[in-house]
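Assemble the whole structure, with the sequences as input and the hints as a guide.
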Amino acid sequence: MAEERRQKLCSVILPTESMKAMAESVGVGSLQEDSCLALSEEVSYRIKEIAQDALKFMHHGKRRKLTTGDIDHALKLKNVEPLYGFQSQEFIPFRFASGGGRELHFYEEKEVDLSDIINTPLPRVPLDVSLKAHWLSIDGVQPAIPENPPPVPKEQQKTDSTEPLKAVKPGQEEEGSIQTKGQGASSAEVKGSSAKMVPLMRMKPRSTHELSVEQQLYYKEITEACVGSCEAKRAVCVCNKCYLFLFQVRVNVVQNNLALLIYLMRMVKALMDNPTLYLEKYLHELIPAVVTCIVSKQLCLRPDVDNHWALRDFAARLMAQSCKTFSTTTNNIQSRITKTFTKALLDDKTQWTTRYGCIAGLAELGHDVIKTLIIPRLSVEGARIKAVMDGPVVSNIDKIGADHVQSLLLKHCASVVAKTRPLPDMVDQYKVDYGYLGTMLCSHVVKARAQAAFQAQTVNRTTLTITQPRPTLSVSQSGLSTSSGSRAPSIIKVPSSLTLMSTRPGTPTQPSPPATKYIVMATSAGAASTHYLPTAPTAILHSAADYTYPAMRVKRKKSLTTMVEDLLCNRS
Amino acid sequence: MAAVQDGPMELDTEKETKPEILSDGTSKLSGNAASGTLSSSPLTAGGAPKQEDQQTLIAVLQFLRRNKLSESVEILRREAGLEDQEDSQTLDGSGGGKGDRDGGEANSLLSRVSITSAAAPQIILSTSVTNEQLDVSVVLSAYSQQGDPSLYQVYYSGLKNFIESVLDCHRAELSQLFYPLFVHMYLELVYNNHENEAKAFFEKFGGDQECYYQDDLRVLCGLTKKEHLKGNEVLLDFRTSRFVLRISRDSYQLLKRHLQERHNNQIWNIIQEHLYIDIFDGMPRSKSQIDSMSGSFAGEARREVNKVKVFHGLLKEPEIEVPLDDEEDEAENEEGKPKKKKTKKDSMGSKSKKQDPNAPQQNRIPLPELKDSDKLDKIMYMKESTKRIRLGPENLPSICFYSFLNAYQGLTAVDFTDDSSLLAGGFADSTVRIWSVTPKKLRKVKSAGELNLIDKESDDVLERIMDEKTASESKILCGHSGPVYSVSFSPDRNYLLSSSEDGTVRLWSLQTFTCLVGYKGHNYPVWDTHFSPFGYYFVSGGHDRVARLWATDHYQPLRIFAGHLADVTCTRFHPNSNYVATGSTDRTIRLWDVLNGNCVRIFTGHKGPVHSLAFSPNGKFLASGSTDGRVLLWDIGHGLMIGELKGHTDTIYALKFSRDGEILASGSMDNTVRLWDSTKAFDDVETDDFTAATGHIHLPDNSQELLLGTYHSKSTPVTHLHFTRRNLLLAAGGYSSQ
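Which chain is which? The protein sequence lines are G and B, in order. The first sequence begins at 1 in full-length UniProt numbering and counts up one residue at a time. The second sequence begins at 1 in full-length UniProt numbering and counts up one residue at a time.
No wet-lab data here; the hints were simulated from the structure. Among the clues, some could well be false.
Stated by the list, open to error - Cβ-Cβ distance ranges computed for the label pairs, FRET-style: (1) G:Arg-64 - B:Ser-385: 36 to 42 Å; (2) G:Tyr-84 - B:Asp-374: 47 to 53 Å; (3) G:Leu-31 - B:Glu-203: 26 to 32 Å; (4) G:Pro-150 - B:Asp-650: 55 to 61 Å.
For each residue, glycine too, the CB sits at the ideal point set by N, CA and C.
Here it is, written out as structure tokens:
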């Protein structure tokens, strides 16, 4: 061990200048150089002694940081009066000054006006000590709860997700180690290697984890945090790897709970935006979930009223983003997704909701996709819309659906057409090319061109985007009917499966029907009609927390009475 | 023996009061057959050589006389039965004589006196100048000028060259010489005012020393003047206590021959006067063997100090005891008795051996009688232990972690009651807080006036005396005036002990939540205190380098365990309450006999201050953890190190064996709890050929095999560990947000 050379121990002593400065500060004018030297040696030695004693107090105080209190106690041991007025603070409050060729560190003592102190409001009372228990280990296995550190360090996570082939499988490693060691390997060595492998083995069954009660609680916490109103919590939970459980349960909710789906999608978004997570491994869970949200026939209980369109839009954008981020030549996400959408679109029996989703999904993938896949379909779709709009026997739902598809098509195609199609914009020509939608498309294209020209003038495009209303993805009862003008806070009933989990283990899927929770929100005027604007998503949606907008308040109430109170408050 | 520590006045009173205390204590305890076993004064303790005692006595007498404490001189002389003429010898014997331990002890005693007098100004005034000079000169007598200071480097490097050129097998052993020689030569230079030579000497050879001496070297390098020496207890101790080296005969012969050939008197003198070379016959030890045992302040333990027989067995369960049976007859109709008899039979069936041959006599030290409530508690314990989970490498315990939130880094100590119902925390802000970790709330006893109104005959009188209004989950105990460094519950859960920076140990009642007694004696910060497993006694240890044994009903200590060369950092009672283990900043662990105050074991091998100790439930083994992050395992009976558990990266503050002793849990500043297979650790050694005679063990480097689990907390250092009666592991620590 003696070979390990440490940092050299040397007796550092204070410079004699400090002695002079201190002597001056107490009124001793001229101090001999010799006495300075003697003093500084003595002082350095005593300071070291005190520091060593202070360290003892730190160790017994079970801290890693030396505090001024420790030094006071060390002084007390030596029968020296402690230094008053130095509070234990995070930083040492010395000020630096130089002048006349000398450098000084001094402790600034400000004059304090008593009236100032009297008039300042009292600081917050510090929280009292409290005790909290959690399971550090259950039968030797550390449960994955927020109180415990993440089971796998980040580096490990990175290599696991980015280089899955390199992650050694336990069995292989054993073989390898034995082979390399040869027959002569002593039993101790083999044992050693197997001991090392134990943690690997324990990590392995991650995907097929049984949900323990703690995990269920944790899951519930996470979900509540995501869905709930506490912004800080939400930001925290994004970092946690809740997505493991999330998407297994999600499917069950799909059928009816729009509000929750919106939150889930936001959560996915947040997960994607988090640069420290490696989602590659979980894409197979993520993508089906997102696609379901785009193309599902029904996403809410009342498709005629609820605004599930915004969700589809949002999910479509999410899909496009994940295509951009994760698509590689090996997994081919983009082409597979495109194929799925196109197939649904070409099918005549596809419902309007799904159709809308497909178009939205495709449109988000870029101009090229719109040009090659949507624009050729415009006349066909136009005819279909026309049939619904003008036809006599249509349900309200179909009509709304057709209406949405129409506006969606117009919006996306206009910009593309404006770029690709040469001037002039003749209404008749459009009609010939695009059928029923031609007329409206033409006017949209004109508008788009005008806007493009305007943008070219203003140059600064960013200011323009800021002035646009923020993209809103709102849970709105009024749905399409902005005309109804419901400005009063509207209340949406959401089943209590908002928490996603029944307390019973093993049956997380059952939403317990009777207890209802309410989402109270104020619909800002015009919000419903401008759900969606093609602004840069990452800027706004950096995390789920950022994406909640002020108009929206989510309140979850536990008891019926408080719920009623809430209602009354809102009515009044 | 070293009561001298506390300054003359206190020493005086202690001497006077001790006999009373002891007789008093034993009369109260006389219910047990062991009347008077404790009454033998520690000063005349048996076991140690007679001559040593006399030397010590003479030193003490001389000191007393110098301070004009004639009355105590008389008393002491009468007590010890010393003749007048004996003390006329005074200290002449210290330098000469056999020159081993005896002289060293006397010297060290006197050196301490000089330290205390230097530390406390008012004492300096009282002692005359001549006295002080005498003290210092006694202490430093050996450091008279010898040889040319400029040649020291030549001497040292000459020896270094020699040792590096000898055969490998001897080199490791002789390398042990480097550190003590280096320190002594340096101090000699400093003492003789050769400051520059000393600095140059340090520069040149300071880097060669073993890395585990770094802390001491740091102290040493700051010390450059003779004046510094006076106040530095650490180095004075180094001087006065002889550094112990264990060297095989062959190596020693080699060294001797070399030094005589070269006429290197300087080094030979130092070896003669300041080192104790423990020569053994047989194979020289290997480097790893030496490294595992060295690192302590004053070298290794001498072999003979660990030869004393230690009764490490457990006491018989009290139910089997005859006097208790009588009581049972008396209290035949008491509730719970039939159950108890049943469990007794069960327990007797499981414990086949009736009397452990290694167990001490039942009444070796008087123990308090069992009260009815204690018996009920024993029954509860029996019941619980039947439900105990059998732990092992395949069956690891669950760990429940209690985090103290908002403690602002102020949590300094934690303790659980044995039945895991209460939790106490000591804080840097001088408070002690108690929490109930069960749904049962903490209640105070009603005030005296209200108690008068209670019907004392009613069945639920114990329930009625409690004041329901005061029920709360936690209580705060205020009274200390400095950080609380340790807390310890009494086994019957009626009392709590706390020790603090303010130099006191306080006893709190958990019925009224008030302070009952403040035990003063340490005068300096008390780092640790611990209740005996049978209650009544407790031990404390502090910065004044002694551990003290107290009884709760005495305001003066019953025993003072002196011998550590630095702060006593942790103290633990042996499960049979006959021994006390103390860990210290001097990097040794000592085991003390409660009966006579003798040190019966010295364990060296730690490379940093020892901060945690734990006895195995069967009393055979001791585990210790230190700032270097290693846990060492010791066999008490043989006085040997039997294991080294490496894994932690920071100070280990908590150690605990599971209830059956299969698992050792360790908790550390590095935010981890680690579980170790202690059964295997002990078995591996026991199957070895136990070369107890030489004490040279080969430590298998199997920490990784023994490590069963590592559990990280997020940001909470582990300050305490506790196994519940059913073998659930409870951990506690203060969350630090960083």
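Tested hints:
In this structure the hint that G:Arg-64 and B:Ser-385 lie 36 to 42 Å apart at CB holds, the actual value being about 39 Å. A beta carbon spacing of about 49 Å between G:Tyr-84 and B:Asp-374 agrees with the range 47 to 53 Å that was offered as a hint. Taking the beta carbon of each, G:Leu-31 and B:Glu-203 are about 29 Å apart, inside 26 to 32 Å as hinted. The beta-carbon spacing between G:Pro-150 and B:Asp-650, approximately 21 Å, falls outside the hinted interval of 55 to 61 Å.
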